[in-house]
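Residue-level listing of the chains:
Number of protein chains: 6
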Amino acid sequence: MRIVYYLPGPMSRGPLGPEELVRRGAYLTQAAFQSTELEVRESDVGPSSIESSAEEYLSIPATLEAAPRLEAEGFDAMIIGCFGDPGLAPTRELVGIPVIGPGQASALAAAQVGQRFAIITVVDEVVPAIRRQMRSYGLEGLVSDIRAVDVPVLELRERADEVLGTLELEAHAALQTGADTLILGCMTMGFLDVARALQDRIGVPVINPVLASLKAAESAISIGLCSSRQAYPRPRKTIDSLVS
Amino acid sequence: MRIVYYLPGPMSRGPLGPEELVRRGAYLTQAAFQSTELEVRESDVGPSSIESSAEEYLSIPATLEAAPRLEAEGFDAMIIGCFGDPGLAPTRELVGIPVIGPGQASALAAAQVGQRFAIITVVDEVVPAIRRQMRSYGLEGLVSDIRAVDVPVLELRERADEVLGTLELEAHAALQTGADTLILGCMTMGFLDVARALQDRIGVPVINPVLASLKAAESAISIGLCSSRQAYPRPRKTIDSLVS
Amino acid sequence: MRIVYYLPGPMSRGPLGPEELVRRGAYLTQAAFQSTELEVRESDVGPSSIESSAEEYLSIPATLEAAPRLEAEGFDAMIIGCFGDPGLAPTRELVGIPVIGPGQASALAAAQVGQRFAIITVVDEVVPAIRRQMRSYGLEGLVSDIRAVDVPVLELRERADEVLGTLELEAHAALQTGADTLILGCMTMGFLDVARALQDRIGVPVINPVLASLKAAESAISIGLCSSRQAYPRPRKTIDSLVS
Amino acid sequence: MRIVYYLPGPMSRGPLGPEELVRRGAYLTQAAFQSTELEVRESDVGPSSIESSAEEYLSIPATLEAAPRLEAEGFDAMIIGCFGDPGLAPTRELVGIPVIGPGQASALAAAQVGQRFAIITVVDEVVPAIRRQMRSYGLEGLVSDIRAVDVPVLELRERADEVLGTLELEAHAALQTGADTLILGCMTMGFLDVARALQDRIGVPVINPVLASLKAAESAISIGLCSSRQAYPRPRKTIDSLVS
Amino acid sequence: MRIVYYLPGPMSRGPLGPEELVRRGAYLTQAAFQSTELEVRESDVGPSSIESSAEEYLSIPATLEAAPRLEAEGFDAMIIGCFGDPGLAPTRELVGIPVIGPGQASALAAAQVGQRFAIITVVDEVVPAIRRQMRSYGLEGLVSDIRAVDVPVLELRERADEVLGTLELEAHAALQTGADTLILGCMTMGFLDVARALQDRIGVPVINPVLASLKAAESAISIGLCSSRQAYPRPRKTIDSLVS
Amino acid sequence: MRIVYYLPGPMSRGPLGPEELVRRGAYLTQAAFQSTELEVRESDVGPSSIESSAEEYLSIPATLEAAPRLEAEGFDAMIIGCFGDPGLAPTRELVGIPVIGPGQASALAAAQVGQRFAIITVVDEVVPAIRRQMRSYGLEGLVSDIRAVDVPVLELRERADEVLGTLELEAHAALQTGADTLILGCMTMGFLDVARALQDRIGVPVINPVLASLKAAESAISIGLCSSRQAYPRPRKTIDSLVS
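Chains as they are written, first to last, in the numbering used here: chain D, 1 to 244; chain A, 245 to 488; chain F, 489 to 732; chain V, 733 to 976; chain Y, 977 to 1220; chain G, 1221 to 1464.
With a cut-off of at most 20 Å between alpha-carbon atoms, the simulated SDA-like pairs for lysine to any residue come out as follows:
hint, chain 1, residue 1, chain 2, residue 2
1, V, K969, V, R801
2, D, K237, A, V367
3, G, K1457, Y, R989
4, A, K481, D, V123
5, F, K725, V, D882
6, A, K481, D, S48
7, V, K969, F, A636
8, A, K481, D, P152
9, D, K237, A, R401
10, D, K237, A, R257
11, Y, K1213, G, S1232
12, F, K725, V, G749
13, A, K481, D, G14
14, A, K481, A, E309
15, Y, K1213, G, V1343
16, D, K237, A, G261
17, Y, K1213, G, L1236
18, V, K969, F, D638
19, V, K969, V, E797
Honestly, the hints are just simulated from the structure, not real lab data.
Taking the hints into account, I'd like the entire structure generated from these sequences.
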């Protein structure tokens, strides 16, 4: 099975550089089942990181254009590489392969191992967007809290040690308010590979959205599940903007 | 007060032509309070009509680019001219004036006059998107049903008589399943000006999203309300895609 | 359009005196659209202020008797001048004009500009009643908190400075527990005209129920919306108590 | 223990006459535990039957005046004799004895024996009021349906045979839409004593609100439970309207 | 009426000894209505106390075997003597008499006297189980908090004084987070007879699950209510494990 | 990774015989990832099929005894082979490996590909139990309907052709009432291998609980997720019944 991890922005031209794409591909490949072939792709256009609803939405047209191409290339599933799941619904309308949103996959993974989860994300600015996201999935009732470490995405790697410490503090606060499971609410945080360390420190499951979305993709392919056409119907008329 | 009704697609280049923009402006002006100055603007790019999530999302970047410009031009509020409220959240992040989504404004207007409402929209394909939309506003509990007349947006005007008949049938079905109030789930349907006729025929309030959004805009301006920055924070970093 | 702001108690005979009615009329008129003619009326009987469910309910029969008379006088809408919306549902049953409850109108206005709101009211004793009220509208899921400044209604004016300070403290506490928008949960508080000052101090929208209900009334009249007869049916038999 | 069943209207002066009060007292006494002393009282004023929200609310002031007197007379609990529970909250504020609302007691009794209940009431006009009522108790999620037999309260007795037949039809319809338990949504229906017959015919529990409220009152007294003062606080200031 | 209070474990062989059964029988009898004949029975097998989901579930088969026998003995209702209501649903499937779960009965009693309740139980380990339990009854929306005094069941009696003090602290914390009514979440706590004392100290109703379940049983018998066969159907085929 | 599929009853001694265990093992192995080693085990005791809550609960003690043994044998995850997830919570308390309930895993898989799902199970008698189950997971809001084909578990195989036809009818009925995704609510139905055929016929995803639970187990192991100890705490005291 071939899975594409699609970055909705030109990460390789940002501060993390093209080597980060390679590193992410390796990380995913190592976490994948043997039969999985994994490729990381990035958009040529769009924001260098996604830290607001505005940036999320700006990234979507490129994703919508890319998705049918990636499907035509033979990929069996597509992961949208941002916790906010930008463009999840419309992308599902346009292709016949499973499209995975890490935010949704993480929430469902958390619901598998616990009964009330908190999400810890990067900056306060995305907290209300994550609430809207969970509401739109009908899962707000399982969310005990949404918190932030207040470190911008592009500084996460260089401040990795600090991040783990802050995560631990926020995690304890989240447990106090009723969480039994935690989700890291950012893909760059996921690729920092701190979820396991955090899990060991605080003693409850910590969902890494990178891994949750990879497993959701592998599972869907493996058992032949795809988006419901009753929930994500094919558009009836040709979409001009995608024709060019 | 100056309100811009922003069409998220180049309607004047479509089958309805530039005269439809003029007509819509006149319709809005007639419905507006005396102190309201209303202008209709359209996007240069984007889909000619919005009948899928994909088209909704494709229209958003142009809206995000236009919004700060329109604010700079001195408009006091902006209505996004599509029932699906495409880009409502990110547009609110980018400007300091109220941004009104007709779908949201209609749902809140319905909640003012009834306790359970049904939405009747154009085509079946947008029904699941409207459910997601109502969920994301935390209002799914007030929705009794979402139905469609199965007439594409661009055929609504020429099939106007048929549409009213079908609306009446769907309206009765919606009352059967518990609705006490109806919402027309499409702006072009709203501009057909059939809401009042339907209301007279079936005897319950029928919300016209055109009028609901106009009144929401006028009200917000009039009493100095704007989007909460805790719900729609200003992006922390410069948004590249908007800079060019 | 003619709107009556109906006080469900004989305020002019209380400590605030008849000049307060005049002042309120002027405040409303100033906030109204140009085409709006506004009149303040009060009940001859009933409690001098409403600070308990008991007082709320005691005020209702006079409202029910007044409403058809006010409709016959030619008013196009009626605002019930108490945040608890006493008698909202039965009054809607009895008249064919829109009847606006400030509590409901404020909650819907808050839902327009934010996604989770807190209500700050006068005394602790009305907090549980406000929860019942929001539940009965199906909006409890949007409420993050209900708090009180612990100042009785009739002392609000003389302790106005203190009130703003306490409001600010309570507002910060409400933001801490997840509110992104605030509502002042008392009409006398609304007429103190502190909402704007509070909004400036804490940086999120503060809904003034006086203005929210005024705009809801003007909007409903302007677009021809009235209470759904499926939600508020006309009583089938003559209501004896109203006959005399 | 002494329980007063309080009729919120002058039933004895209506078509059912004073003998209906006697009959109801006997019915209740027969259903009561041995230690229970039961008295039926009626209001001197108010509607002869309650078949609209308006009539419900008009009956409340008399109830609020009566309640403290009945408490002073030594009653240990008070049942408000109308399924709509008119004045339940404010009456609880004013007295220190348990106040039982038959609608609430029936919903809780239904939740004891099933997991989703339907309510079958008299006329369509009260259906939306019952929905508001269940919402205000936070129990709307357990309600599968609210239906009506379309027989006015004051005709129930003379059309008793017809009523049972119609109830059976409505009951089957309610089972079809997911109810596992039924509630008769009217006290006069309850005193018709058809609940048991209906239960035998359709094979699921049918809650008689007369009996549900009686048992709720006896239970509360027996174990020393009374209304929470955090939910129904004593009014802080003297209530003028009750002073006279 | 004959009610059996069924202990789902061999309490008499544990540290509390057979005298505790006698004491509990006396306590229940004293709280019962005059016409009630009460018997305490215990399971021969099963856990000596229930402080985890595992112990709850291990106790169930003995309950399922006992229930039809107790029904055959002529009992009119059965109370399952554990707050977690172990085996409530399946026991209801197997017998034609009312089966009462103290957790469910307490939640419904709390909903009668307040609008948001907190549960205070013994040890932290059962808190998540109680949340699942309230969710499965559709009542999670009424729960403000679930807390624990951190005293194991079998130490409750000897540490009774300490328990009351800790209960008071936890009760105050629960009021802070919005509870207006409290439930003691453990039957051994209920039999300590501290509910009334706690209620006096903190001024809100404290539901004793022992008494709540007793009254629920007496009420159901008294008015002829039994489990809905649509919610708890009789198994279609013979249950082998119960045959032997 | 080694996964045990645990049958909570002695299937090999029932009409399906030991060859059915072999067949199921083969079916699972074929659907598993290459690195997965799968073993089917069955309980020595318990019901031959589970078609009531009573049978579900009777099967649990054997599962609780087996789980620690299976963990000690080195299995990395355990699937409880019944859609009702009997003993899911207590089993999770007792072991440190992931325990998968097919009902829960199927609901979460459905939430991944659609937004409202219906469950089609075997007999009407288990429908209310499935509602309780979904409620206890906090997922009732995503369920549009629960239906049954009215074929007992043990007749499913011999009546396989008929079953597919009935499933198709029920599936269409479920789509009518708003489902966009279907779940087969029985493991024996899952092993019939009709999900794919049904999916092809009706055009929406049909979740096979056998495959959903297998993928949930593989995913959890693969990314190191286990049950939250805050949701499923280890029992504090030794569980006697498990000691022997």
